[in-house]
Amino acid sequence: MSMTTPIPIGTQVITERLGETMEEMYVNMGPQHPSTHGVLRLMLKLDGEVITDCIPYIGYLHRCHEKIGENRNYVQIIPYTDRLDYLASMAMNFGYVLSVERLMNQEVPPRAEYMRVILAELQRIASHLLWLGTFGLDLGNFTIFIYCFREREMVLDLFEAVSGQRLNYAFYRIGGMAMDFPDGWIEQCREFLTWFKPRIPEYDALVTDNILFQKRIRGIGVMDGPTAVNYGLSGPMLRASGINWDLRRNDPYSVYDRFEFNVPVFDTCDVWGRFLVRRQEMIESVKIIEQALEGLPSGDIQAKVPKTIKPAAGQAYVRTESPRGELGFYLVSDGTPKPYRYKVRSPAFCNLSALTEMMRGCLVADAVAILGSVDIVLGEIDR
Amino acid sequence: MDAVSRAVESFYGLTTAWGIPWLIPALVIMTIVVSIILGYISVAAMFLIWWERKISAHIQVRFGPMRVGGWHGWAQSIADGLKLLLKEDIIPSRADKVVFVLAPVVVFAAALAGYVTIPFGPGLIVRDLNIGILYMVAISSLTVVGIVMAGWSSNNKYATLGALRSAAQAVSYEVPLVLSLLGPVILAGTMSMGRLVDAQGGTWLGFLPRWYVFPQIVGFLVYFTCALAECNRLPFDIPEAESELVAGFHVEYSGMRFAIFFLAEYANMFAVAAIATTMFLGGWQGPLTTQLPLIGVLWFLLKCYFLIFVMMWLRWTLNRLRVDQLMDFAWKVLLPIAFANLVITSLVVAL
Numbered sequence: 000m001s002m003t004t005p006i007p008i009g010t011q012v013i014t015e016r017l018g019e020t021m022e023e024m025y026v027n028m029g030p031q032h033p034s035t036h037g038v039l040r041l042m043l044k045l046d047g048e049v050i051t052d053c054i055p056y057i058g059y060l061h062r063c064h065e066k067i068g069e070n071r072n073y074v075q076i077i078p079y080t081d082r083l084d085y086l087a088s089m090a091m092n093f094g095y096v097l098s099v100e101r102l103m104n105q106e107v108p109p110r111a112e113y114m115r116v117i118l119a120e121l122q123r124i125a126s127h128l129l130w131l132g133t134f135g136l137d138l139g140n141f142t143i144f145i146y147c148f149r150e151r152e153m154v155l156d157l158f159e160a161v162s163g164q165r166l167n168y169a170f171y172r173i174g175g176m177a178m179d180f181p182d183g184w185i186e187q188c189r190e191f192l193t194w195f196k197p198r199i200p201e202y203d204a205l206v207t208d209n210i211l212f213q214k215r216i217r218g219i220g221v222m223d224g225p226t227a228v229n230y231g232l233s234g235p236m237l238r239a240s241g242i243n244w245d246l247r248r249n250d251p252y253s254v255y256d257r258f259e260f261n262v263p264v265f266d267t268c269d270v271w272g273r274f275l276v277r278r279q280e281m282i283e284s285v286k287i288i289e290q291a292l293e294g295l296p297s298g299d300i301q302a303k304v305p306k307t308i309k310p311a312a313g314q315a316y317v318r319t320e321s322p323r324g325e326l327g328f329y330l331v332s333d334g335t336p337k338p339y340r341y342k343v344r345s346p347a348f349c350n351l352s353a354l355t356e357m358m359r360g361c362l363v364a365d366a367v368a369i370l371g372s373v374d375i376v377l378g379e380i381d382r
Numbered sequence: 000m001d002a003v004s005r006a007v008e009s010f011y012g013l014t015t016a017w018g019i020p021w022l023i024p025a026l027v028i029m030t031i032v033v034s035i036i037l038g039y040i041s042v043a044a045m046f047l048i049w050w051e052r053k054i055s056a057h058i059q060v061r062f063g064p065m066r067v068g069g070w071h072g073w074a075q076s077i078a079d080g081l082k083l084l085l086k087e088d089i090i091p092s093r094a095d096k097v098v099f100v101l102a103p104v105v106v107f108a109a110a111l112a113g114y115v116t117i118p119f120g121p122g123l124i125v126r127d128l129n130i131g132i133l134y135m136v137a138i139s140s141l142t143v144v145g146i147v148m149a150g151w152s153s154n155n156k157y158a159t160l161g162a163l164r165s166a167a168q169a170v171s172y173e174v175p176l177v178l179s180l181l182g183p184v185i186l187a188g189t190m191s192m193g194r195l196v197d198a199q200g201g202t203w204l205g206f207l208p209r210w211y212v213f214p215q216i217v218g219f220l221v222y223f224t225c226a227l228a229e230c231n232r233l234p235f236d237i238p239e240a241e242s243e244l245v246a247g248f249h250v251e252y253s254g255m256r257f258a259i260f261f262l263a264e265y266a267n268m269f270a271v272a273a274i275a276t277t278m279f280l281g282g283w284q285g286p287l288t289t290q291l292p293l294i295g296v297l298w299f300l301l302k303c304y305f306l307i308f309v310m311m312w313l314r315w316t317l318n319r320l321r322v323d324q325l326m327d328f329a330w331k332v333l334l335p336i337a338f339a340n341l342v343i344t345s346l347v348v349a350l
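In order, the protein sequence lines correspond to chains A and B.
Reminder that position 171 of the first sequence reads as 170 in numbering that gives the first Met the number 0, one-by-one numbering, no gaps.
Reminder that position 27 of the second sequence reads as 26 in numbering that gives the first Met the number 0, one-by-one numbering, no gaps.
Bound-form chain A, shown alone (with noise of 0.2 Å):
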């Protein structure tokens, strides 16, 4: 069955890059896997259960996002941006805000910079769980993904008493935020805040000393830090082949030069490094929104902008270090209340052109854990 198998589409693509013969197979992963995280598809070309090539194939979930952009003014964008990642929609919201900002030059008032480094945090706090849970389903854990969710419900209920949106938020405004706090917000934060942090130390008894999920993910995705640089990999990818490199210190935007937070660094270039990296940077986001909260400023959310935004001609490109790497918004303006160019650099777009180079010579087990590690989200992917 597995020599005559014709291939569906990318046909001559594939017979290009890959001659099938009678020792190998092809197997079609997705777009409807249990572990493609979505619409992604790959073709595994397997040895009995080596992978020999790997070729992902994405645009299932493409919306011409950008395009629509250039037809939206500036404020219409901002619930878009939110379906870029819909997993951590503050840090797409927070992204798009700034690069608008640094258009047109726009003050934001402290207490709004404030809240938008709080609600990012908490959302770089809610993605990790969510991938830790669902990366632990890919190995098989069950439990870990049930005990995250419950973590992560707690972030999304924050979230839902700040905008009354549970995922989609679309709370970030040019030059400031849609709304202050409720009351009681800060306290309830606080109370997640001890609740979680003690959680650690029960996810690391459940699967981090687990020496069966340690055997797992050690010395698989291998990826040195020289190669991570040059496909331009971001974000834990990155940390955890080495390379000491987090926009957020490197390149402070809002206030973040404010805080005092590590950045969690691992140099074992494999999976288990990057979900090292995953696991410290939860703990790092907590110190963040704990001085955040303690430092919080009263006064205005909401500098005075115009009510119709046009900014003068130029262009502008702003970074952050979005859950998932490096997010960069590129605007060009034309005067006109519509950008004229709108570009999105998203990170699990750049981070899995890598997916190949990790792949080769795996297990097909192993396939599912490397995918896991990279966190992908086809909405950001497939734009």
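Calculated directly from the structure, the hints in this document are not laboratory data.
Each hint should be verified, as a subset may be incorrect.
Restraint ranges, calculated between C-beta atoms of paired labels, are given here [what the hints assert, rightly or not]:
#, chain 1, residue 1, chain 2, residue 2, range
1, A, 51, B, 126, 48 to 54 Å
2, A, 208, B, 301, 49 to 55 Å
3, B, 65, A, 299, 47 to 53 Å
4, A, 178, B, 66, 16 to 22 Å
For every residue, glycine included, the Cβ atom is placed at its ideal position computed from N, Cα and C.
Add chain B to chain A, keeping to what the hints say.
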């Protein structure tokens, strides 16, 4: 138990007196026995499915099924079974139909046949074969034939991979499994399941039960590990790894055929737990069995369900091993340990 055997004998006597050939009463009795076992397996498997869902839920800070039937969703697996019965029976158009239909039957028959030599209580054993344990191990390894049939006939790459993994796993783990079972056999000097249990009656030093788990703790651990692999439970569930192979060998099965696979899995779980109980935990032996033989059944079931609970506990705590790690573990760790255990046991018994 004597009452049962007396009734059987009088039934035989009656039919002989009426001039009915011997074959007919034998068939009648076999049918009755098979119905009892089948009924027990179905009920036990349904209970185990519900139990597993409750255990997993409580490990994961959830409630699990709470609605169907009222008390803690006790009727959930009955409702699920009914649903599966009523579902459309789909056979993929490019599947090998005969093998596809036969595969779940083979798997279930293998699981069922093992129950013949399980001693549920004093005298409560369908047939106390003198090679009982050998028969049991041999028949339960037939399951893998059904799994390979299912995987191959589905004409699906994921199913084929699952079947291949299953075959490799069964071949590897069968060897240490049998070796670990030889320890109690050497100690008792018999392969009959009934006499193995009898040999574990009484106590050592007045308080320690004469269960073979104490002298054979290594053998027990090796057996239990292999048993997990035998019934494709985590951490050895790679033939049906959801996140890799979608569902493995039964990916193309739906409706009642899928239900039979599911039932066979839980029947197998009970069977391996029953072997462990019989060989290592003294079977139905326990307090008050001499006064009231039926209480032996209770002891037996208690021990079995405790072992099954441990299996479920492991499943919801650990993650899956990789194929190569699985093989390494079987050949490089379990096999030498099982051999060493066997040699030491034989030496001690010989001296």
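Residue 178/A paired with residue 66/B, Cβ distance criterion 16 to 22 Å: With Cβ atoms ~39 Å apart, the hint is violated.
Indicate whether the distance between the beta carbons of residue 51/A and residue 126/B respects the range 48 to 54 Å. 52 Å, holds
Could one say that the CB atoms of residue 208/A and residue 301/B fall in the range 49 to 55 Å? 32 Å, violated
Holds or violated: 47 to 53 Å for the Cβ distance of residue 65/B and residue 299/A? 49 Å, holds
Hint check: violations occur at hints 2, 4; the rest are consistent with the structure.
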